[in-house]
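Respectively, the protein sequence lines represent chains S and F. All residue numbers for the first sequence refer to the UniProt record's numbering, where the first residue is 1 and numbers rise by one. All residue numbers for the second sequence refer to the UniProt record's numbering, where the first residue is 1 and numbers rise by one.
Derived from the structure by calculation, the hints contain no laboratory data. Hints should not be assumed to be uniformly reliable.
The list makes no distinction among identical chains, and a pair is therefore deemed to hold if it is satisfied within one copy or across any two copies.
[Claimed, not checked] Below, a list of computed lysine to any residue pairs in the SDA-like style, where the Cα atoms sit at most 20 Å apart:
1. 124 to 114
2. 149 to 174
3. 149 to 101
4. 149 to 177
5. 149 to 178
6. 149 to 117
7. 20 to 153
8. 124 to 203
9. 20 to 68
10. 124 to 138
11. 20 to 122
12. 149 to 18
Since the model is a prediction, treat every value here as computed from it, not as a measurement.
Protein chains: 2
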Amino acid sequence: MVSATPLSPTPRSTVRRGAKRARTDRGDLYAVLDAGLVGHLAVVLDGAPVVLPTGYGRSDDTLYLHGSTGAGTLRAATAGAPVCFTVTHLDGVVYARSAFHHSLNYRCAVVHGTARPVTDPDEKLLGLQVLTEQLAPGSWTATRQPDRKELAATAVLALDLAEASVKIRTGPPGDDEADLAAPGDSDPVWAGVLPFRTVSGTPEPCPLLPVGVPVPGRVRNRALSPPA
Amino acid sequence: MVSATPLSPTPRSTVRRGAKRARTDRGDLYAVLDAGLVGHLAVVLDGAPVVLPTGYGRSDDTLYLHGSTGAGTLRAATAGAPVCFTVTHLDGVVYARSAFHHSLNYRCAVVHGTARPVTDPDEKLLGLQVLTEQLAPGSWTATRQPDRKELAATAVLALDLAEASVKIRTGPPGDDEADLAAPGDSDPVWAGVLPFRTVSGTPEPCPLLPVGVPVPGRVRNRALSPPA
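Here chain S stands alone, though its shape is the one from the complex (with noise of 0.2 Å):
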């Protein structure tokens, strides 16, 4: 995943707070944006923030998101309004031996830019199928492509990865000394991380689906949230 082009930050791609968790290689945003299928996209909105959650795709350093022509935030995008799109993963919680030093281990990948609308017929149905392919690989041949009226009611938008930053968090927890068991200390409070992941459950077909019909390789080795 080691990419040629460094994230070279702006003024507000640089990663102020916790400064040490920032990565600066490109490999790294695309694996943080690659293990996902979920963002939360920001929009101003008469003047005032609105952040909802949004499937997306990727294909080289465009970000593909896609929406209702009729939703608000994807209207604003699309109109030019500038936007913020964060990628999170939650790996592990991280238990100090105070309440300040309690943390959480994550992966966290923010873009920041104005979305270009996809007119183009073609790159439409890249946008499409990049974000099939990144909530469900293998659909989109498995299963009928959109039709001409699909296409109509759907905005897709293209937000170039030029503005990123990718923060990283891993380890146990960076207590005070001053909270380190002393030697001999008989009851020393418990420190580390309880690490989680995602992991899928058994497949459950439509009522509609005719009895018998095999749970596709696509549905039953599907591998979530692979690990940084």
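Given chain S's structure and the hints, the job is docking chain F onto it.
Structure of chain F alone, referenced to chain S:
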């Protein structure tokens, strides 16, 4: 979780897209918020939205957020900028017979408002307590509580849950009639839901912890991501 005070949508907390998925019971709002570890806080900085993952905790109809007093988003929110705070849980991928009807099962709460900086020392401690307990139940009393220096370095904000919306999607895909398998179809497209959930792994003790300190029940028995 049923509450006597239903959610009263304002224009911006009225669910416009997928209104059939909107919930109006305050208990649904509490349930979605209480099941999360991190939300996405959006503010407007220099005319553009910024959205970052942020810890939180709830006490009745107040959401407490916190962060470093040096963080730009927290500073803007402290200064009275409007905020939006969104908590999203993903429950499963919805596999449809068409790419268009692919979806996700999810629970999402969106809170709009203006945050109030918490300056009263007692309320600040309460806020930090509920924040700590949301992240790590049991840790507030089991670990060292914040000292004066830590309190000074931490901004705590209160966000009222007056203006909020909840959307929940459950169940199978909503395919078009024409895409359903015809009787006798020998190779129908599988459709249904691949549910997923978050599970915790084996606790990883801090390398600085003396050997043999048992993992406490607050870590060992922790339940994550309870279903709706």
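Right, here's what the structure says about each hint:
1. Only within a single protomer do residue 124 and residue 114 lie at most 20 Å apart by alpha-carbon distance; the minimum there is 17 Å, versus 38 Å between protomers.
2. Within a single copy, residue 149 and residue 174 get their C-alpha atoms only as close as 55 Å, which misses the 20 Å cut-off; across copies the closest is 16 Å, which meets it.
3. For the identical chains of this complex, residue 149 and residue 101 are inter-copy neighbours only, at 13 Å across copies versus 53 Å inside a copy, given an alpha-carbon limit of 20 Å.
4. Taking the shortest Cα distances, residue 149 and residue 177 sit within 20 Å of each other only across copies (15 Å), while inside one copy they are farther apart (63 Å).
5. For the identical chains of this complex, residue 149 and residue 178 are inter-copy neighbours only, at 14 Å across copies versus 65 Å inside a copy, given an alpha-carbon limit of 20 Å.
6. Taking the closest pair of Cα atoms, residue 149 and residue 117 come within 20 Å of each other only inside a single copy of the chain (18 Å); across copies the shortest separation is 49 Å, beyond that limit.
7. Within a single copy, residue 20 and residue 153 get their C-alpha atoms only as close as 44 Å, which misses the 20 Å cut-off; across copies the closest is 18 Å, which meets it.
8. Taking the shortest Cα distances, residue 124 and residue 203 never come within 20 Å of each other, neither inside one copy (30 Å) nor across copies (45 Å).
9. In this assembly of identical chains, residue 20 and residue 68 lie within 20 Å of each other by CA distance solely across copies; the values are 15 Å between and 39 Å within a copy.
10. Taking CA atoms no more than 20 Å apart as the test, residue 124 paired with residue 138 passes inside one copy only; the shortest distance there is 18 Å, against 50 Å between copies.
11. Taking the closest pair of Cα atoms, residue 20 and residue 122 never come within 20 Å of each other, the shortest separation being 42 Å inside a single copy and 33 Å across copies.
12. Proximity of residue 149 to residue 18 under the C-alpha cut-off of 20 Å is restricted to the inter-copy arrangement: shortest distance 18 Å between copies versus 47 Å within a copy.
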